[in-house]
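Peer 1: Could you put together the complete structure from these sequences and hints?
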Amino acid sequence: MEEFYPFFIIIFVGVFFSIAFRRIHVPWVVSLIIGGILIGPHLFNLTEVTPVMDFLGQMGIIFLMFMAGLETRLSSFKTFKKGIIGLSFVNGFIPFLLGILIALMFGYGITSSLLVGIIFVSSSIAVVIPSLERHGLLHTKLGQSVIMTTIIQDIASLIMLSVLLQTVSPATSIPLVIFYPLLFIILVALRFIVPKVRALFSAYRNDETDIFQYEFRAVFLILIGIVILFEILGLHPIIAGFFAGLVLAESLTNPMLKEKIRTISYGIFIPTFFVVIGMQTDISVFTTAGSNTLLLIYTLVCGSIIAKLVSGYWGARAVGFNSDESLLFGISSVPQLSTTLAVAFSALSFGFIDSVLITAMITLSIITTLVSPTLLSVFGRKISQAVQKK
1 MEEFYPFFII IFVGVFFSIA FRRIHVPWVV SLIIGGILIG PHLFNLTEVT PVMDFLGQMG
61 IIFLMFMAGL ETRLSSFKTF KKGIIGLSFV NGFIPFLLGI LIALMFGYGI TSSLLVGIIF
121 VSSSIAVVIP SLERHGLLHT KLGQSVIMTT IIQDIASLIM LSVLLQTVSP ATSIPLVIFY
181 PLLFIILVAL RFIVPKVRAL FSAYRNDETD IFQYEFRAVF LILIGIVILF EILGLHPIIA
241 GFFAGLVLAE SLTNPMLKEK IRTISYGIFI PTFFVVIGMQ TDISVFTTAG SNTLLLIYTL
301 VCGSIIAKLV SGYWGARAVG FNSDESLLFG ISSVPQLSTT LAVAFSALSF GFIDSVLITA
361 MITLSIITTL VSPTLLSVFG RKISQAVQKK
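If you're matching positions, the sequence shown starts at 1 in my numbering and goes up one per residue.
Just so you know, the hints here were simulated from the structure itself, not pulled from any lab data.
Being a predicted model, the structure only gives us computed values, none of them experimental.
Treat each hint with caution, since some may be false.
[Unchecked claim] Have a look at the derived ranges for each label pair, beta carbon to beta carbon: (1) Ile224 to Leu101: 37 to 43 Å; (2) Ile224 to Glu259: 18 to 24 Å; (3) Asn45 to Ile228: 33 to 39 Å; (4) Gln213 to Val177: 39 to 45 Å; (5) Val197 to Glu231: 18 to 24 Å; (6) Glu259 to Leu104: 41 to 47 Å; (7) Ala318 to Ser355: 35 to 41 Å; (8) Leu233 to Leu101: 29 to 35 Å; (9) Val197 to Phe286: 45 to 51 Å.
[To be verified] When the alpha-carbon atoms are kept at most 25 Å apart in a straight line, the in silico SDA-like pairs for lysine to any residue are as follows: (10) Lys382 to Met148; (11) Lys260 to Gly225; (12) Lys196 to Lys260; (13) Lys258 to Ile228; (14) Lys260 to Ile84; (15) Lys196 to Val177; (16) Lys141 to Ile84; (17) Lys258 to Ile222; (18) Lys260 to Pro195; (19) Lys260 to Ala249; (20) Lys260 to Gln213; (21) Lys141 to Trp314; (22) Lys141 to Val310; (23) Lys382 to Gly320; (24) Lys258 to Val15; (25) Lys382 to Asn322; (26) Lys196 to Ile224; (27) Lys382 to Val371; (28) Lys260 to Phe16; (29) Lys141 to Ala249; (30) Lys196 to Glu71; (31) Lys260 to Glu71.
Just so you know, even glycine gets a beta-carbon here, dropped at the ideal spot from N, CA and C.
Peer 2: Structure (structure tokens):
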């Protein structure tokens, strides 16, 4: 019975804070993290992270990356325009180098520093899309360039995380030169096999009303099965979850089924993950830490924002966008949320980063997620008006 109370508190936070903070235009994820901080052991101590909550949080991070993979259609990469790969490289490489340099400058080892650099590469398409859509820029050349580069950078950050984990703390005895080609072959094979497995489940479903949700449970079974398969091979669950989404992305075309998956993902598992993140955030570092720690957090936050703005601006200028469009492109690459937190907490679970760095990354996510949509609205409105006059 003692498990019901913390579960109720977390669900309550997920519902109440989402509604309350929406009225003041605070992003959904930020409201969940703030709610978790408030109820957690480092502030009001209303509850703690129990093993059950920790498991649901782990499921949340898997579903978070699964949904990211599900929204990434590899077929869309065929439509890449000239310069997108180069733009993605510039917009990711400069923050990557700066993240490494900042961590090294504050005395962290090479592994922790590489992880900070990898985190700096990631971005958040979920924060950007609503602003682009609101101003009619989502389906323009600029909007599509923002989406494609963000997808490439997020995939790149996950691949780099996988390589680093396999190098520093290998979960398989297979040499890396064999491991990744084998992984690619399995991924391609699954893209052909999984749709046939789903079709087999559908063929034996005679009840048209599907009261027991056979097809949904089949997808759930496939997801967990793929995660287990990749884990056996030595892949981290968040990367396995992303690959599972990639495998199902092309074949999962039923809008009703996708909506059911989104409902359980964003209704239960993913909110639990973000609330648990908040509960594990030790905000006491801001009051008890020395000036060096506060300087580290300040430098990481400012460094990430400046690096993304500068690299995004000059990268966009290099491929032909005008000054205003390039500035909007730089702003759109600033927010760091889902992938950032997924990578950061995976690194924390392996002991590669400490509580100070994880608090810095959460602070970075909150600030960039709050600032970027505001700036996007200002410059998005200006660019939208310019487009309408043409």
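Peer 1: Now tell me if each hint is right for this structure.
Peer 2: Hint check:
Our hint of 37 to 43 Å for Ile224 and Leu101 holds, since their Cβ atoms are close to 40 Å apart. Against the hinted window of 18 to 24 Å, the Cβ-Cβ separation of Ile224 and Glu259 comes to about 20 Å, which satisfies the hint. Between Asn45 and Ile228, the C-beta spacing of about 36 Å keeps the proposed range 33 to 39 Å intact. Restraint check, Gln213 to Val177: a C-beta distance of roughly 43 Å satisfies the suggested window 39 to 45 Å.
The hinted window of 18 to 24 Å between Val197 and Glu231 holds, with their beta carbons roughly 19 Å apart. Range check, Glu259 to Leu104: Cβ separation about 46 Å, and the 41 to 47 Å hint holds. Separation of Ala318 from Ser355 is about 39 Å and conforms to the stated range, judged on CB atoms against 35 to 41 Å. About 33 Å separates the C-beta atoms of Leu233 and Leu101, a value consistent with the hinted range of 29 to 35 Å.
Between Val197 and Phe286 the beta carbon distance is about 50 Å. The supplied range of 45 to 51 Å therefore holds. For the proposed pair Lys382 and Met148, the alpha carbon gap of about 23 Å is at most 25 Å, so the pair holds. Distance restraint check for Lys260 and Gly225: the Cα-Cα separation of roughly 19 Å lies within the 25 Å cut-off, and the hinted pair is therefore satisfied. Of the pairs offered as hints, the one joining Lys196 and Lys260 holds, with about 21 Å between alpha carbons and a cut-off of 25 Å not exceeded.
Between Lys258 and Ile228, the direct Cα distance comes to roughly 22 Å. Compliance with the 25 Å bound is thereby established for this hinted pair. At roughly 34 Å between alpha-carbon atoms, Lys260 and Ile84 are farther apart than 25 Å, so this suggested pair is violated. Restraint check: the Cα-Cα separation between Lys196 and Val177 comes to about 30 Å, which exceeds 25 Å; the hinted pair is violated. For the given pair, Lys141 sits about 11 Å from Ile84 by alpha-carbon distance, which is consistent with the 25 Å threshold.
Using a Cα cut-off of 25 Å, the hinted pair Lys258 and Ile222 holds, with the two alpha carbons roughly 14 Å apart. For the proposed pair Lys260 and Pro195, the alpha carbon gap of about 18 Å is at most 25 Å, so the pair holds. Annotation: proposed proximity of Lys260 to Ala249 holds, straight-line Cα distance about 15 Å (limit 25 Å). The hinted pair formed by Lys260 and Gln213 meets the criterion: a straight-line CA distance of about 10 Å does not exceed 25 Å.
Among the hinted pairs, Lys141 with Trp314 is consistent with the structure: their alpha-carbon atoms are about 17 Å apart, no more than 25 Å. For the given pair, Lys141 sits about 20 Å from Val310 by alpha-carbon distance, which is consistent with the 25 Å threshold. Annotation: proposed proximity of Lys382 to Gly320 holds, straight-line Cα distance about 19 Å (limit 25 Å). Restraint check for Lys258 and Val15: satisfied, since their Cα atoms lie roughly 22 Å apart, inside the 25 Å limit.
For the given pair, Lys382 sits about 13 Å from Asn322 by alpha-carbon distance, which is consistent with the 25 Å threshold. Of the supplied pair hints, the one linking Lys196 and Ile224 holds, its CA atoms being roughly 17 Å apart against a limit of 25 Å. Annotation: proposed proximity of Lys382 to Val371 holds, straight-line Cα distance about 17 Å (limit 25 Å). For the hint pairing Lys260 with Phe16, the CA-to-CA distance comes to about 22 Å; that is within 25 Å, so the pair holds.
Using a Cα cut-off of 25 Å, the hinted pair Lys141 and Ala249 holds, with the two alpha carbons roughly 24 Å apart. Between Lys196 and Glu71 the CA atoms are separated by roughly 20 Å; this keeps the pair inside 25 Å, and the hint holds. Annotation: proposed proximity of Lys260 to Glu71 holds, straight-line Cα distance about 15 Å (limit 25 Å).
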